[in-house]
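Chemist: Single-letter residue listing:
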Amino acid sequence: MTDTKQPDSKQDEAVDPNAPITGMDYFMKLEYHELICPVVREFADALMEKRLIGHKCPKCSLIYSPPRGYCPICTVQTTKADEIEMQTRGIVTNYTVVTPVQYYGQEETEPFAKVSLQLDGGGNLSLQDLPGVPVEQVRSGMRVEIVWAPDGERHVDDVTNRSWGSAEGAIRGWKPTGEPDADPSEYSDKVF
Amino acid sequence: MVNDIAIVGYAQSPSWRASELTEPQFLFPVISEAIERAGVERREIGFTCAGSCDYLSGQTFAFVMNLEAVGAWPPISESHVEMDGAWALYEAWVRLQHGDIDTALVFGSGKSSPGKPAEIYPLQMDPYTLTPLGADPVSLAALQARAMLDAGKITEREMAEIAARSRKSAIGNPYAQVSGDDDPEALLKEPYVTAPLRRHDLPPISDGACAIVLATADKAKALSKRPVWIRGIDHRIDIHQPGMRDLTESPSTRLAGKKAGVGDAKVDVAELSATFSHQEKLLCEELGLGDDVEINPSGGALAANPVMAVGLARFAEAARQIAEHGKHRVVAHATSGQALQQNLVAVLEGD
Ligand SMILES: [Zn+2]
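Chains H and F, in that order, give the protein sequences. Position one of the first sequence corresponds to residue 6 (the working numbering), numbered consecutively onward. Position one of the second sequence corresponds to residue 2 (the working numbering), numbered consecutively onward.
Extracted from the complex, chain F is given alone in its bound form (with noise of 0.2 Å):
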């Protein structure tokens, strides 16, 4: 038996390139948005989890400073994820099952700018057997469109189609960092970053934060005249070493996407963390999502990256399709780890 949750607030920060604040400063006006959009009291939270990552910030115990923004005195019952905020989220959503308390805030952060991702990444997800070849995320993720190339599930004009269409969407959200009228030819006259992935088919490096706040049911109904319902949503895992796995396709997005209903019913709208072009059409294709499912109307992960951030953000903005543009029922995805391994999805319903 599992209860209903609804998604009553929601809040994002712009995503910068570098932001001079630090990220407990622009959390703050973040977090307070998601509470007042929501209409609670921020002492009537029964719960609050964060994603954030200290690799990130380059400084121990910065998830802690986070809370700053939280207001957590007197002491509020509180938890961490060194993950994205969806996983918070998800973390959240399974302490609102207990029924004891009614309300949660979720939040997600990062700042990408002080630090070199290519080198940070690595070392935080294995500074054993990756570091050392040096397989930063961007090497993985072209190792992952190259085998996707050659096995003939995706081309590069595909890739180049899916950036450009991303930019578009991006044109009208104020909180994306990249956006234009591009025309794909062009863009694929550009020369590789890494082969065979172009600038464009690569996210920004971003600073930025999220936060949503959840509600049970009865709460929900109560705060809300259009709460967005999680109907579903489930995590699943695939094998840590890349070279293990068929880069070419997502067990566990096919499994989550499985478990939290998306085939269930017609999909209107899906918000992938598709951080690499390539990586939309795989995403897809594992979630069975075809050409009448409108896809990352935010610009998605290739318009505002916020590491630790833009997983909870394909959330929110699945929940504005919802709650702002009339849509039923939404698919979002968050990632995690290298070129795909692991995958959140949940499906989101109106009334």
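Just chain H, same shape as in the assembly (with noise of 0.2 Å):
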């Protein structure tokens, strides 16, 4: 959908309507619309039931969640028969703090945390929030457990073939377990 327009002009001062057109401002924006895949159906509905799952590589043995339906590293597709389901909690391997810049469109406005978690047990999920942690005691290393977003709440409108595990209407976040941080040699290999 487009939508156009000329400069707003200042509201004091009066426009010449004869004045040749420098510029314009030319707002636009494009919806998409995509089909959910499948494996990534299969993760949304399994959030529904307070599950975490995620498709281990026959070969490497990694895992991925979301799962994407194959191992980039080993090229091979993985299926339903290699679905694993991965303990809820984990390790903060590493954090991004984004400061919110008030571009168009943007709804934050102070600083907040996303993290990259590595599970008890394996696996590994990017983009998770900490809610109610200040951003400046998020660290790698902090054992966290998931925090589901209660019965009767709980959706996966968010889940799209596009986020990655960022699931905020299943998973309202992590909250700090209290016991002490991991050592770094616990996850120094698997930071991403």
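Hints may contain errors.
Which residues of chain H face chain F? A partial, calculated answer using Cβ under 7 Å [as the list claims (entries may be wrong)]: (1) Y37; (2) G74; (3) T80; (4) N166.
Some residues of chain F that are not near chain H, with every Cβ distance over 10 Å (derived) [as the list claims (entries may be wrong)]: (5) E191; (6) A223; (7) D269; (8) G338.
Since the hints were made in silico from the structure, they are not lab data. Cβ coordinates follow ideal geometry from the N, Cα and C atoms, glycine included.
Two chains, two frames, some hints: make the complex.
Modeler: Below, the structure is given as structure tokens:
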């Protein structure tokens, strides 16, 4: 959908209708409606049952969550037979603090952290939230456990082929367990 | 001095109106099949080049995700063109001329189903001067068809005949999306979509992928009993503004065809990216293809139009004519831009 208009003029300035147009604002947006692929649909269905699933590569044992339907390292396809349920506790391996710039459409106003997790027993999730944890306290090595959205409120509307494990409608985030931080040797080769 | 390069493997996905698979997911088996058919080890491939469009996917760096279907670890040497996979093939052909590697993988893929092509293409191709006019591909093709009709270069009946023949040819093609036995007379009774174009003059909206493996001469002879040689390949471009060129001609096709050597010997078959029915006649004229040349036995782009793969699929179909149907000399054509603005032409030959 597109929409064009002449540049906004300052309200207190009269517009000369005969002045040549030297530029124009041009607003555009594109809408995409993508079908959710079967393996991500299975991931979403499992989230509704408070289960985290992934596919374990039959060749290299790497775990992909959400499943992709293949292991890009080994170039083998993975199926339901390769599905595993993952634990809902883990270690923060890495994080990014985002300081929002107030561009058009930005809803965040305060700095926030997105963390990558290594789950106990294997598997990783990226783009996860630690709600209630001040950004200055977010650190690699933190031990955390999942906070599911409560029954009745849980939804997977935001889970798409592109959300890569971000599922705020089902996973409210992760909370520190209070246990001592993991030793870097437990995760230092898995930081991503 | 140009080194001989051959097509030694090819594969395509079906063409779907809307696939629920992601682009890497449906690319995955296509790339695997092309590599298997070539008989090379994945790790042997010296260069990989892809053609796709992030605008189409609506995802930044979507082309990087597509590499998951290739297997890019340990790191591989690869490149990407924001163009149809046919131009990825051209880049790989140039890369193979260096002589230091002997095989290359090329692929093209696209999902047109999630977005609205009429909105996406103008923004992708010219957001400045053409998008505000609403100059989408169908409108521009309609202007081109109108210009051809007015110049007496085609009739609506000829357009319907081209569409009917394409649909009929597609009946046996497992990769085609539109096929059927239609009477041109009946097609002409259908209403216009954008005059003078009726539904049959338009391509379907498609999701799909195509992959091809290329090899240098010695490697190709070792790999394949029936290598398909790329005897000539060239691409040319006309001026960007459709209002500044004669839409009833395609000088870029004419020149690319001449440079590729289309007219140097008899052509058996041509697979042309005629995305709209009238463009087939225009392309045939510019390439000097007469009535003795079989056009688009696959059904062509009117039967399946996976944007960014449709041009490369012409190479796959052209190669199939030689490797599987015993044809000797086949032309493959791909196009890009507005109303046949940019054109790539290749001549493929069997031994
Ligand atoms: Zn693996």
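Chemist: For every hint, state whether the structure bears it out.
Modeler: Each hint, compared with the structure:
The interface hint given for Y37 of chain H is met, as the beta carbon of that residue sits about 4 Å from the closest beta carbon of chain F, less than 7 Å. For G74 of chain H, the shortest C-beta to C-beta distance to chain F is roughly 5 Å, which falls under 7 Å, so the interface hint holds. With a least beta-carbon distance of about 4 Å to chain F, the hint placing T80 of chain H at the interface is held under the 7 Å criterion. Given hint, N166 of chain H at the interface with chain F, holds; its Cβ is 5 Å from that chain's nearest Cβ, closer than 7 Å.
The Cβ of E191 of chain F sits about 28 Å from the closest Cβ of chain H, beyond the 10 Å cut-off, so the non-interface label holds. Under the 10 Å C-beta cut-off, the non-interface status given to A223 of chain F relative to chain H holds; the minimum distance is some 23 Å. The Cβ of D269 of chain F lies farther than 10 Å from every Cβ of chain H, with a closest approach of about 36 Å, so its non-interface assignment holds. Taking the minimum C-beta to C-beta distance to chain H, about 20 Å, the non-interface status of G338 of chain F holds against the 10 Å cut.
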